[in-house]
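J.: Just so you know, the protein sequences line up as chains A and B, in that order. Going by our numbering, the first residue of the first sequence is number 1, and it counts up by one from there. Going by our numbering, the first residue of the second sequence is number 262, and it counts up by one from there.
Because the hints were derived from the structure by calculation, they are not lab data. Treat the hints with care, as some may be off.
What the hints assert, rightly or not - Pair ranges (Cβ atoms, derived):
no.	chain 1	residue 1	chain 2	residue 2	range
1	B	Asn-529	A	Ser-6	26 to 36 Å
2	B	Gly-479	A	Asp-16	47 to 57 Å
3	A	Tyr-163	B	Glu-467	37 to 47 Å
4	B	Thr-523	A	Ala-232	53 to 63 Å
5	A	Glu-195	B	Asn-529	18 to 28 Å
6	B	Glu-489	A	Asn-233	29 to 39 Å
7	A	Asn-233	B	Ala-516	44 to 54 Å
8	B	Cys-483	A	Asp-228	32 to 42 Å
9	B	Glu-524	A	Glu-195	22 to 32 Å
10	A	Asp-228	B	Gln-458	52 to 62 Å
11	B	Arg-508	A	Lys-156	34 to 44 Å
Unchecked claim - Anything over 10 Å on all C-beta distances counts as not near chain A; from chain B, calculated:
no.	residue
12	Glu-276
13	Pro-399
14	Val-456
15	Gly-490
Everything numeric in this text was worked out from a predicted model, so none of it was measured. Glycine residues also receive a C-beta, built at the ideal position from the N, C-alpha and C atoms.
Spelled out, the chains give:
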Amino acid sequence: MPAFGSFKDVTIDIEDHVAVVEFSKPPQNFFDVALISEIADAFEALDETSDCRAIVLASPGRIFCAGANLNDGRDLGEKSPGHYPLYEQGVRLFRTTKPIVGAIQGAAIGGGFGLAMTPDFRVACPESRFSANFTRMGYHPGFGLTVTLPETIGRKHAERMLYNGGRVKGEEAFAMGLADVLVDGPKNVRPAAIELAREIAQCSPLGVVACRTIMRDGYADRIAAATDKELANQNSLRGTVDFTEGVEAMTDRRLPHFIGA
Amino acid sequence: MPKIGEYNDITVNLENLVATVEINRPPHNFFDLSLIQQIAQAFESLDKTSDCRSIVLCAEGKSFCAGANFTDGRALKGDGSEVGEREGDDEELPIGHLYVEAVRLFRTKKPIVGAIQGAAIGGGLGLAMMPDFRVTCPEARFAANFTRLGFHPGFGLTCTLTEAIGRKRAELMFYTSRRFKGDEAVSMGMADVLVPQDQVRSAAIELATEIAECSPLGVIACRQIMREGLADRVSAATAKELAVQTRLRDTDDFAEGVKAMTERRVPNFKSA
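Please construct the entire structure, taking both the sequences and the accompanying hints into account.
T.: Printed below as a string of structure tokens:
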């Protein structure tokens with residue numbers, strides 16, 4: 001596949017009108033502001049590329065994306081107290097025009113789950129794991145999940161995932177509509193994602209992009225509004241004892257002792 | 262069954278409080294402006310018929326409705342309107358006249374069950390998604406094949422399909438133009454009852470009869486609440502759809518899409 005563009009942690013390969021955007025920070029593919037910004041740059045560049053009609057978002061290794069590394073506060077790129085540009089970059093992922101298929105070969109956790117919800121469709125396997133583990137960490141869901149999740153799987157399923165922070169496996173994700181295609185084993189995920197993207201790329205590019213604009217009417221704006229609310233809650237929780245305890249308990253792999261303060 | 266009304270391309274029968282509106286353009290029941298007008302007229306007159314409490318919409322022949330016939334240029338004229346048969350305005354029909362008539366189908370009051378015995382493709386899927394419920398069979402086919410034609414979904418499907426099966430599944434159907442079989446349609450929520458092919462119409466009449474046994478005032482009032490704003494949302498959706506369709510109809514991709522469909526091959530689109 002011919003390489004396209006020049007990025008630090010992202011590579012783009014285009015073949016048969018399908019661009020595979022791979023972000024790579026092994027082994028856990030934690031993101032930081034710079035990575036989200038690079039993925040957004042890639043999507044925006046592909047919008048300008050007529051050779052690209054559909055995109056596959058993928059990552060190497062066993063984990064799709066483990067989210068932001070909360071043990072390292074720098075990853076959130078705090079500019080001034082309470083001002084985190086992460087979601088400004090995150091919302092850019094929802095403003096581009098070409099359809100995206102996510103190849104979710106493994107765990108998509110926390111903000112990584114938020115990233116996994118940016119594509120139009122998701123291909124998963126039994127080894128995939130989806131978890132909005134924010135409340136388990138004494139934190140608040142972010143990355144627009146309070147909009148993307150209910151709009152994709154309905155409010156009930158979304159509330160359950162956001163309130164209990166539990167892990168949803170690939171089969172269950174498929175049954176809930178969280179994943180659109182289920183294949184047998186992680187190695188089959190990316191080929192199946194490329195196959196779906198090719199099916200889309202065989203359709204009229206003008207028709208697909210116009211239709212996607214109608215189907216996603218207002219979606220990015222709703223997400224931008226949601227991330228504002230999410231960030232306000234995250235900022236107020238970040239100073240609590242419960243947040244410290246939640247992160248510590250996650251590191252120690254034990255149940256946290258929350259006190260509501 | 263006692264026949265009521267006189268139409269060119271549909272037959273309306275009324276028996277045991279259930280009206281059957283049958284489209285008679287076999288085998289594929291392609292629609293044009295006139296056919297949609299006739300169905301709208303039938304529904305509107307059934308609204309005024311107290312002997313009718315529910316309606317079955319069905320079609321004669323192999324397909325339920327294969328949509329507008331794009332390979333026959335007469336089905337839709339270049340400006341988006343259709344060759345008119347209406348008195349007084351047979352030349353200068355406004356753009357989108359077809360969808361104005363289509364929206365009429367969503368403004369009537371009595372519950373409708375669709376008997377989808379065969380293919381419901383493109384605009385035919387739009388017509389199939391208009392009833393409250395759908396009875397189908399494994400042999401039926403559901404496809405929003407617009408983007409395969411270099412075209413854009415219409416007939417309010419960006420609203421009706423999304424509200425019926427959820428945005429994800431609607432998006433998958435729109436962006437891939439993929440065909441779904443009757444049993445898949447039921448598991449997706451696109452159809453409500455699955456029966457063998459020769460029982461589709463009788464099962465639809467059975468469901469309509471079950472509805473007709475309930476309080477007509479209660480059913481109509483409840484349907485009004487459940488469908489609140491639907492006709493307006495469909496109307497707004499058709500306006501957006503038509504704007505894109507009008508733009509795409511002049512592209513090389515549309516010509517190529519229709520040609521490829523006729524030749525049963527993958528189209529070679531150029532984004533122009």
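J.: Against the earlier hints, flag every one the structure doesn't satisfy and list their numbers going up.
T.: none
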